[in-house]
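J.: Heads up: the protein sequence lines correspond to chains A and B, in order. Using numbering that gives the first Met the number 0, the first residue of the first sequence is number 0, and each one after it goes up by one. Using numbering that gives the first Met the number 0, the first residue of the second sequence is number 0, and each one after it goes up by one.
It cannot be assumed that every hint is accurate.
[To be verified] A short list of chain A residues far from chain B (calculated; beta carbon distances all over 12 Å):
| id | residue |
| --- | --- |
| 1 | 51 |
| 2 | 63 |
| 3 | 69 |
[To be verified] DSSO-like, lysine-lysine: derived pairs with alpha carbons at most 30 Å apart:
| id | chain 1 | residue 1 | chain 2 | residue 2 |
| --- | --- | --- | --- | --- |
| 4 | B | 230 | A | 258 |
| 5 | B | 204 | A | 99 |
| 6 | B | 230 | B | 204 |
| 7 | B | 176 | A | 258 |
[Stated by the list, open to error] Chain B regions said to be covered by chain A (calculated; three or more residues, Cβ under 8 Å):
| id | stretch |
| --- | --- |
| 8 | 77-90 |
| 9 | 101-114 |
| 10 | 137-150 |
| 11 | 165-178 |
| 12 | 191-205 |
| 13 | 243-249 |
To be clear, the hints were calculated from the coordinates, so they are not data collected in a lab. Cβ coordinates follow ideal geometry from the N, Cα and C atoms, glycine included.
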Amino acid sequence: MMRTRIPLYGTLVLLLLAFLAPLLWALSGSFKPRGDIFAYPPRLLPDPFTLDNYQRLFSGQPFWRWFLMSTVVALVATTVSVFVCALAGYGFAKFRFAGKRLLFGVMFSSLSVPFAVILVPLFVILVKTGLGSPWFALIVPWVAPAFGIFMMQQYIVQSVPDSVLEAARIDGASEFGIFRTIVLPLLRPSLGALAVWQFLQSYNSFLWPLVLVSDSSQYTLPLGLQTLFVSEQRQYDLVLAGAVIAVVPAVALFVVLRKQLLEGLSTGAVKG
Amino acid sequence: MTTAVAGHARTTDQRADETGTARRPRRSWAPYLFISPFYLLYVLFMLIPIAVSLWLSLTEWVGLGAPHWVGLRNYRNLFTDISFHRALGNTAVFVLVAVCVVVPLALLIAQALNARGLRARDLWRTAYFVPIVVSPILVALIFGLLFDRQFGLLNSILRALFGTGGVDWLGDPGLAKVSIALVMLWRWTGYLTVFFLAGLQNVPKELYEAAALDGAGRLRTFTTVTLPALKPVTAFVVVTSFIGAAQIFEEPYLLTGGGPAESTLSVTMFIYRAAFQRQQFGYAAAAAVVLFVLVFGLSQLFNRLLGIGRASA
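Given the sequences, and given the hints that come with them, work out the whole structure.
T.: Listed below in structure tokens is the structure:
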């Protein structure tokens with residue numbers, strides 16, 4: 000039995016290396032002096048170990064401002080979108096109403112609209128109407144994701160029993176009251192999953208901030224790091240340090256809520 | 000996605016009938032209120048932009064002053080624009096890589112992760128998923144370092160093994176495409192694996208037992224039990240990969256700038272370049288409309304062919 004398992008575990012370990020080695024190498028590189036980043040053979044552990052890249056990043060760049068911008072925008076976008084998705088998901092999962100099929104179809108089909116299609120008009124509209132302030136405009140693309148509604152709807156159909164809703168209605172609870180006091184608490188695991196996903200989408204987004212933000216004091220993290228990356232001498236050392244810090248909240252959030260996220264993501268797909 | 004939706008709505012309605020929600024006789028505004036925030040945002044930030052895109056695509060506009068109506072001229076120009084042809088072709092290549100390489104590979108890995116008695120399944124799954132969590136900037140940075148012509152790790156390894164490195168991964172038109180494809184592979188495979196693994200774990204064990212009783216071998220079991228059971232997941236994964244790859248932007252923008260000689264220019268990059276680097280807003284909008292028609296049309300077609308949602312109906 001043991002012998003037959005060796006190819007399986009061998010393959011899995013090789014894959015693990017392929018997926019994680021580049022990231023570990025980046026982490027290690029952020030603690031290396033600039034010259035050592037390209038050294039061959041590559042050293043896994045930095046020697047000498049230095050915090051110089053981080054220090055220069057913090058002193059020479061408005062790094063924390065970029066960080067704050069990204070994080071706050073992502074948090075607001077996440078909160079709004081999770082609420083919108085829970086509401087709509089509940090509406091679709093537990094009610095029968097005229098036009099439901101059509102409205103669901105319209106919502107669902109927006110999954111097949113590439114962002115590049117609305118990129119130009121969204122930019123034009125927001126700038127022309129004076130709503131182009133990054134604090135508002137940066138969250139806009141993330142607030143009504145069809146994917147999230149679909150995920151919520153699937154989850155609610157499976158895990159919110161109609162009998163509970165009926166009982167609450169007989170007790171005279173208002174529809175929104177039922178949603179707030181009964182449905183939302185039942186949804187907690189999948190809300191967590193959706194929240195992580197939405198946070199990552201907004202936090203890692205690049206194209207929309209690239210188009211929208213021209214004032215470097217309002218850069219998000221990816222934009223700020225990109226300026227170091229594409230500058231005359233590619234400042235690999237600084238970008239590595241910055242990228243490592245940037246990835247911390249994303250990976251931390253993911254690690255804490257990974258179970259819900261991985262299961263939540265696949266719910267819709269498995270049920271078709 | 001009409002099929003998907005029709006199939007889907009039917010299941011929920013049936014379920015509602017069985018459990019009694021549907022018996023509620025009162026006409027209520029409640030469901031409309033629940034879905035209205037979404038539709039408000041949907042109209043403002045999706046429908047109106049699409050309409051504006053259509054209108055802009057019929058104009059010439061540099062971003063200032065009034066757009067100048069030109070009818071179908073932008074579309075005629077796109078038709079003969081070699082850059083746009085290249086962008087379409089490159090994007091098609093990336094889509095093919097996603098659907099024909101990344102998706103099957105994800106299925107294979109999921110199959111390995113589904114092996115009976117595998118230890119630490121969640122740990123593997125989590126680790127493989129990490130690349131999609133990471134910011135595209137970090138991805139571009141890492142792969143920029145790996146692919147670097149002079150100092151890159153790949154070339155260093157080649158030099159050490161074969162004495163010749165200096166492969167111009169990002170500077171040679173053919174290799175640049177390969178490099179971008181490798182990055183896609185690294186970023187997306189683990190993500191898609193999650194969906195396949197969930198699908199595999201949902202296949203009823205009895206089906207495998209029955210296949211074993213029939214004396215079916217591994218390959219036969221895979222084609223007669225696993226693949227049919229995975230159909231809904233596969234359909235979902237194929238369509239999402241298609242839509243994702245059709246709008247690829249960050250990888251080529253950050254790694255190659257679309258070059259060399261536009262060999263990695265994607266449609267999204269073409270749109271970005273036209274609008275925000277060349278101030279051809281109308282032209283960019285026309286390219287966006289073409290992308291919309293292609294992606295939207297093809298994903299409807301895929302849904303119909305693959306029958307998303309039909310399995311649950």
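J.: Now look at each hint and say whether the structure bears it out.
T.: Consistency of the hints with the structure:
no.	hint	verdict
1	51	holds, 18 Å
2	63	holds, 17 Å
3	69	violated, 9 Å
4	B:230 <-> A:258	holds, 24 Å
5	B:204 <-> A:99	violated, 36 Å
6	B:230 <-> B:204	holds, 17 Å
7	B:176 <-> A:258	violated, 35 Å
8	77-90	violated (count 0)
9	101-114	holds (count 4)
10	137-150	holds (count 10)
11	165-178	violated (count 0)
12	191-205	holds (count 6)
13	243-249	holds (count 4)
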